[in-house]
Amino acid sequence: MMESGGDQDDVVIRIRGLVTGFGRKVIHDHLDLDVRRGEVLGVVGGSGSGKSVLLRAIIGLVQPREGTVEVFGRKVGEVEGSQMRRLEMRWGVLFQEGALFSSQTVAENIQVPLREYTKMSQELMDEIAAVKLNLVGLPPDTAHKYPSELSGGMKKRAALARALALDPELLFLDEPTSGLDPISADGFDVLIRQLQKSLGLTVFMVTHDVDSLRAVTDRIAVLVDRKIVTGTIGELRKNPDPWIQEYFSGTRGRAALAGMET
Amino acid sequence: MEAASDAPEAWFALDQDGRRLTLGGAWVTAQSAQLDEALRNQDWSGRGDVAIDARGLERLDSAGAWLVLRTRQALEAAGRKVSGLDVAPAHMPLLKAVEGTRPNEPYVSRIPPGFRGRLYRIGRATVHAGRQGWEMLGYLGRVTVEAVEAVVRPARNLRIPAIFHQIEETGINALPIVGLLAFLIGIVLAYQGADQLKRFGAEIFTINLLGVGVLREIGGLITAIIVAGRSGSAFTAHIGTMRVNEEIDAMQTMGLNTVETLVLPRIIGLVIVLPLLTFYSDVMGLLGGAFMCYFQLGITIRVFLRQLQDAVSLNTVLVGLVKAPVFAFVIALVGCYEGFKVERNAASVGLLTTRSVVEGIFLVIVLDAAFSVMFSVLGI
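Listed in order, the protein sequences are those of chains P and E.
Numbers 535 to 796, taken from the working numbering, label the letters of the first sequence in order.
Numbers 3 to 382, taken from the working numbering, label the letters of the second sequence in order.
Among the hints, erroneous ones may be present.
Here are the computed lysine-lysine pairs in the BS3-like style, where the Cα-Cα straight-line distance is at most 27 Å [stated by the list, open to error]:
id	chain 1	residue 1	chain 2	residue 2
1	P	689	P	731
2	E	98	P	689
3	P	609	P	559
4	E	83	E	98
5	E	343	P	689
6	P	679	E	343
7	P	761	P	772
8	P	653	P	679
9	P	761	P	609
10	P	689	P	679
11	E	98	P	731
12	P	761	P	559
Bear in mind the hints are in silico, worked out from the structure with no lab data behind them.
From a predicted model like this one, the values you see are computed outputs, not experimental measurements.
With these hints in hand, go ahead and build the complete structure from the sequences.
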């Protein structure tokens, strides 16, 4: 399976037999997952089921105990420093709280990776910052503001602009709509979908938000019992697993999915 | 007219009569630095319409798309009419998304350059310092009112366990460092004093120097400075972090008085502790001096004590100790005040903690000078 050259190009993230844990607690037990190019994959699961840990294992912040994580055909954690940098340039990460550098303006935040990885002139970097702000739907004057002057939704958008700074092919989102009001959350969903289409992104999105799942994702991966189950919403609703049933057929799930019952 | 021939991966070319601009290669972030330079250096002037042909682009990302659009703007700015912009269908959505970017005007500092700017800065700093002093005065007033209230109705307002906690934290835990430093200062003072006084054959007066110096000034000052660095900063950092976590807001909404719960225990605790610490530091300083006198000058402990009794009176000790509660009050007040001024960002806690220590030490030394003047006027 792993050697089949045909779909090699289409799989951006390939996880095989991943085992992670802290102390004696096992979080992922021999987990397999493929993320294909150009799709939006939503990752859901109960609190403590290891959604964020999975994301952190993929981007190399958590060392797996066993198994391999391949991104763009390269094994994360085994590639050398400069190779890893090159890999990191191809993905962008939006952290849960935004993780904007609080001592820098929004424009400076966006320019951090540009300054680090390219030799752009300050003029061009200012222009690029304006382009990214426009892409995420923030007014131009946001550039000179500090993160503490922004609202929660604007912070997330600014953080997304920073994640997009190097025009990554792969975007990781950790609960992008948590802490936003429903209207801002909807706006953010639309934005992600638009960006995914216009920039041709592959998106790996950890979320709790059933509305987001319906609006944005192509496929969903559910973390249950330290394993992962993937499928479209329709497929997952037929899955007999009690947690999955509860998730998609509970009050919130049903309300969010009501529109799908055509 | 191959302007970007040295960058084979992304290039642009105007044809012979300058009517057609062809773009090719990978217009991506990694190439944009060279591309940007070449595009800026390009002379766009000419006559007639221009058509931009970007169908041959192999790759395009948002940085590249911006450069394409900027090139069109540059052509228009040079007085050329752009008759068309052809791109591959796959690149169309990206171009649409980037279109509409208004590059924002560079940030203009409100501070004018040169001499006027310097004046501006001085003025701003003065106003800031004045406002800070005014606010601190207001804060002092509030704390005083609350403190008096707490003393008048101690059962309800005074938080005894919190005060004891502060006494342990700022007093007992500070004993090793204060003791060690005072001991070392005693050694240094005795050593230097002995060195100078030896020339006059007046070594014995090293003890006078040591006694008066340590008891009146050095003991209290050193202790206050250590405590300002140790506890003043801790107050600011603790209260500041609570502010960052919105704990202060939570306390206020629950009707808890933050001055009463956070500030008063710290102030009262430190006011109790600092005189005790000062006395301890006096003793350690004299011990250090005695140690040095014994080894350097061969003065025995018995002689040392007799000479010390002649040199200092109870008054000397009291003059040193009476300053300590005032220092303590100022250190705790500044520490808490700066803590409450912390804003919700990471840099703020560090900035204000530094400021609290600097202001604390500054005020302690200013007050010490004021005390010296006062005592000399009073003839003590």
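Tested hints:
1. 689(P) - 731(P): holds, 22 Å
2. 98(E) - 689(P): holds, 24 Å
3. 609(P) - 559(P): holds, 25 Å
4. 83(E) - 98(E): holds, 20 Å
5. 343(E) - 689(P): Holds. Residue 343(E) to residue 689(P) sits at ~23 Å (cutoff 27 Å).
6. 679(P) - 343(E): holds, 20 Å
7. 761(P) - 772(P): holds, 18 Å
8. 653(P) - 679(P): holds, 24 Å
9. 761(P) - 609(P): Cα-Cα ~21 Å, so holds.
10. 689(P) - 679(P): holds, 11 Å
11. 98(E) - 731(P): holds, 11 Å
12. 761(P) - 559(P): holds, 14 Å
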